[in-house]
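Protein sequence lines, in the order shown, are assigned to chains H and Y.
Numbered by my numbering, the letters in the first sequence go through residues 497 to 643 in order.
Numbered by my numbering, the letters in the second sequence go through residues 1355 to 1498 in order.
No lab work stands behind these hints, which were simulated from the structure alone.
These figures come from a predicted structure and were not determined experimentally.
All C-beta atoms in this analysis are idealised placements derived from N, C-alpha and C, irrespective of residue type, glycine included.
Wrong hints could be hidden among the right ones.
Stated by the list, open to error - DMTMM-like mimics (lysine to aspartate or glutamate), calculated; alpha carbons at most 20 angstroms apart, straight line:
(1) 1396/Y / 598/H
(2) 1456/Y / 504/H
(3) 579/H / 516/H
(4) 601/H / 1483/Y
To be verified - Covered by chain Y, according to a simulated footprint, are these stretches of chain H (three or more residues, beta-carbon under 8 angstroms):
(5) 521 to 530
(6) 597 to 611
(7) 622 to 635
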Amino acid sequence: MVEWTDFERATIKDIFSKIEYDVVGPATLARCLVVYPWTQRYFGKFGNLYNAAGIAENAMVSKHGITILHGLDRAVKNMDDIKNTYAELSVLHSEKLHVDPDNFKLLADCLTIVVAARFGNGFTGEVQAAFQKFMAVVVSSLGKQYH
Amino acid sequence: MTTLTAKDKQTVKAFWAKVSGKSEDIGAAAVARMLVVYPQTKTYFSHWQDQSPNSPAARKHGKTVMMGVGDAVTKIDDLKEGLKELSQLHAFTLRVDPANFKILSHNILVVMAVMFPTDFTPDVHVSLDKFLAALSLALAEKYR
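Same shape as in the complex, but just chain H (with noise of 0.2 angstroms):
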């Protein structure tokens, strides 16, 4: 089990009680599709994908990077168990969706970015610290259902 600290539990509560879903949402798949672009590959279906401004005005882009970033309100809920939290989720992206776990890793390092765009000074070396552990933890548990 992850054991938390205080600051870490504040941290993490404070950050998305304070992040805008539909401006940090649509932010960071954005940028996920053009930093990584063979992230690509899972949106087919998604029309204009062709560079950074068509990625940035895609209506279905935007819809998808709030979805996604509300899926992290379940493990930010119940932190001291994010692997069982994620379990249903880890199946559909491994059954289902069919996606590499690497591509995990990717996301959340978008969301690390934006997050410290977003608070500036705010975002210390302390709080980047716990938020990259949330996000581990989030990456690892969406990928242990794959077999």
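Using the hints, position chain Y against chain H.
Same frame as chain H, now just chain Y:
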């Protein structure tokens, strides 16, 4: 070997021109974050009296690293040749495990996002990420 396109090189040079004035702050912040978020990296600095992230030694090291990055920008057309000596230094004297180049690169990107949120667009991000990866590869060239 990572191939930087003409667009990547242009993007990196333009972004660097914008941010290089703050290069010391960027370096200090990146090294500080690295020491906090990836504490295993402190093992390379056991010779520092003060290993805390904002110590004078850490700040100085950040400045040194960013000077190297800035130099690499000027040698962007042939990083392998341009960074030959730095690679020898890292391979034979410093012997930093190349996995740490990735860690420091990540923290440089985070600092760019913190300090230049509007300029650090996805397009700049991808080109800078590629550049830092190419730089890291050139630094590891002489290792074995």
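Open item on the list: With the threshold set at 20 angstroms, check whether the alpha-carbon distance from residue 601/H to residue 1483/Y stays at or below it.
Closed with: Answer holds: residue 601/H to residue 1483/Y is near 15 angstroms, not above 20 angstroms.
Task: Annotated coverage of the segment 597 to 611 of chain H by chain Y, confirmed only when three residues or more have a Cβ within 8 angstroms - done: Satisfied; 4 residues make the cut.
Open item on the list: Please verify whether residue 579/H and residue 516/H have alpha carbons no more than 20 angstroms apart.
Closed with: With a Cα-Cα distance of about 26 angstroms, the restraint between residue 579/H and residue 516/H is violated, given a limit of 20 angstroms.
Task: Within 8 angstroms of chain Y (C-beta), three or more residues of the segment 521 to 530 of chain H - done: holds (count 3)
Task: chain Y covers the segment 622 to 635 of chain H, three or more CB atoms within 8 angstroms, holds or violated - done: Answer holds; 4 residues pass the 8 angstroms Cβ test.
Open item on the list: Against the 20 angstroms threshold, does the CA-CA distance of residue 1456/Y and residue 504/H hold or violate the hint?
Closed with: Outside the cut-off at roughly 24 angstroms; violated.
- [ ] Quickly compare the C-alpha distance for residue 1396/Y and residue 598/H to 20 angstroms and report which way the hint goes.
- [x] Violated: residue 1396/Y and residue 598/H sit about 27 angstroms apart, past 20 angstroms.
Against the hints set out earlier in the document, violations occur for numbers 1, 2 and 3.
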